[in-house]
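Asks: Please model the entire structure based on the sequences and the hints provided.
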Amino acid sequence: MKYLTSPNHHIFILGILLLFWGCTDNCEKQVTYTYFKPVYTTTENLRSSFEFKQPVEINYPGKIYLLGKYLFINEINEGIHIINNSDNTNPVNVGFINIPGNHDMAAKGNILYADSYIDLLAIDISNLDDIKIVKRIEGVFNDHYYFVEDVNLGGEAILVSYEEIDTTLMDRSECDMAFPPFWMADDATLGTMDRAYPGAINMSSETNFQTSVASAGIGGSMARFAIVNQKLYTVGTYYLQVFDVSNIADPVKGAYIDIGWGIETIFPYKSNLFIGAQNGMHIYDITAPESPEYISTFAHVTSCDPVVVRDTIAFVTLRSGTECQGFTNQLDVIDIKNLYNPKLIKSYPMKNPHGLGVDQNALFICEGDFGLKIFNAEDIFTIDQHLIEYYENVHAYDVIPFNDVLIMIGADGLYQYNYTDLNNIQLLSNIPIIREIRGRK
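Note that this note's numbering numbers the sequence shown so that position 137 is 137, with each residue one more than the last.
For the record, the hints were derived by calculation from the structure and aren't laboratory data.
There could be a bad hint or two in this list.
As the list claims (entries may be wrong) - For each label pair, taking beta carbons as the anchor points, the in silico distance ranges come out as: (1) N341 x G260: 16 to 22 angstroms; (2) I137 x I313: 21 to 27 angstroms; (3) V92 x E392: 24 to 30 angstroms; (4) I76 x F402: 43 to 49 angstroms; (5) Y294 x N142: 20 to 26 angstroms; (6) V56 x N341: 47 to 53 angstroms.
Note that beta-carbon positions come from the ideal geometry of N, C-alpha and C, so glycine has one too.
Replies: Now the structure itself:
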């Protein structure tokens with residue numbers, strides 16, 4: 001089963017078999033299809049599935065978040081791992097919060113905020129023996145999901161995944177057709193139509209959470225959640241949503257701002273939000289925290305686009321990928337001294353950059369299957385000439401650099417490096433993922 005977050009989300013291509021019979025004016029091509037059946041759950045079932053468990057293995061990690069001595073690692077679509085990182089040479093997996101449909105998180109004090117498909121959860125993590133939801137805001141994240149009314153499921157249902165059913169369906173179409181039509185089949189249970197897409201694939205003894213009530217944590221560059229003072233900012237596909245978290249256990253939904261299409265990431269810096277989108281970097285002023293105000297956009301070609309900021313410089317990675325429909329792989333260095341007129345300083349070619357981080361002169365770039373690169377970025381005009389270290393044999397998705405320690409997550413595990421001396425970077429620890437890594441070289 002391949003979990004998806006929306007019916008129009010990308011589905012990875014395994015292959016399309018085209019068999020041609022001759023070169024005639026009336027030629028035909030034969031296409032094999034993979035048949036996917038949509039899988040639904042009820043909103044009632046979704047909202048009754050929250051559970052705190054004993055530690056489980058990390059299998060498909062996503063976002064990371066740091067709060068005090070704890071790391072939170074998203075298990076894509078499943079929930080959040082809690083890692084006690086008080087000794088970063090020996091991080092300990094202390095528990096798992098089962099949250100269906102979880103992808104993003106942020107934390108302030110003893111409250112962890114997390115998405116669960118359509119809902120925002122405020123979770124009390126003050127006691128690891130009694131983790132619980134203290135508030136749920138229902139239906140606030142509905143841009144990714146498709147709903148149907150289903151009498152057999154007992155009411156409203158939400159599409160949560162696709163299940164591969166059959167790969168033997170065949171169709172013939174004229175050679176000059178750009179794309180053959182979808183195979184469609186009625187779903188009598190839900191009263192909807194299924195689709196076959198051409199060629200688609202197939203506890204710790206320490207139980208008290210010690211942190212200041214006033215403090216917020218740190219997310220990676222791929223984050224869609226960010227906390228600045230008394231506000232939680234979240235981004236969806238085309239919007240910015242504000243929540244008031246002045247009472248951390250009682251988040252209140254605030255302003256909703258339409259900011260365009262293809263929104264992917266959010267990075268707070270001083271009194272601004274830098275929002276990565278598939279077509280550019282948007283800058284918003286949060287001097288009035290409850291009412292973010294648009295300042296400007298730095299436009300670029302369509303591509304995946306996380307962003308981090310150091311002083312008056314923004315670093316943006318552009319990545320090709322099916323969800324972004326782009327073919328550019330590069331690092332853009334942008335002058336943001338004038339926030340109303342950001343300007344490109346220089347671009348550097350990359351292989352397939354994902355998340356990134358910056359700490360003073362150290363620039364960390366995750367290259368996905370191509371590893372982790374660490375540059376000295378003191379001279380922004382010669383970054384490519386100052387590669388300090390290149391870890392080619394790891395998968396790198398996103399990073400958090402903090403207090404001279406780099407926390408990196410990837411498809412094959414959690415890595416932590418000490419970069420106090422950039423000329424002598426040390427691996428501190430690794431929690432490996434013991435499974436076959438799909439797509440690895």
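Asks: Please go over all the hints and tell whether each is borne out by the structure.
Replies: For each hint, the structure was consulted:
1. N341 x G260: 16 to 22 angstroms: holds, 19 angstroms
2. I137 x I313: 21 to 27 angstroms: violated, 36 angstroms
3. V92 x E392: 24 to 30 angstroms: Since the Cβ atoms of V92 and E392 sit about 29 angstroms apart, the hinted range of 24 to 30 angstroms holds.
4. I76 x F402: 43 to 49 angstroms: At 23 angstroms between Cβs, range violated.
5. Y294 x N142: 20 to 26 angstroms: Because 23 angstroms falls inside the window, the suggested range holds.
6. V56 x N341: 47 to 53 angstroms: Since the Cβ atoms of V56 and N341 sit about 49 angstroms apart, the hinted range of 47 to 53 angstroms holds.
Of the hints listed earlier, those the structure fails to meet are numbers 2 and 4, in rising order.
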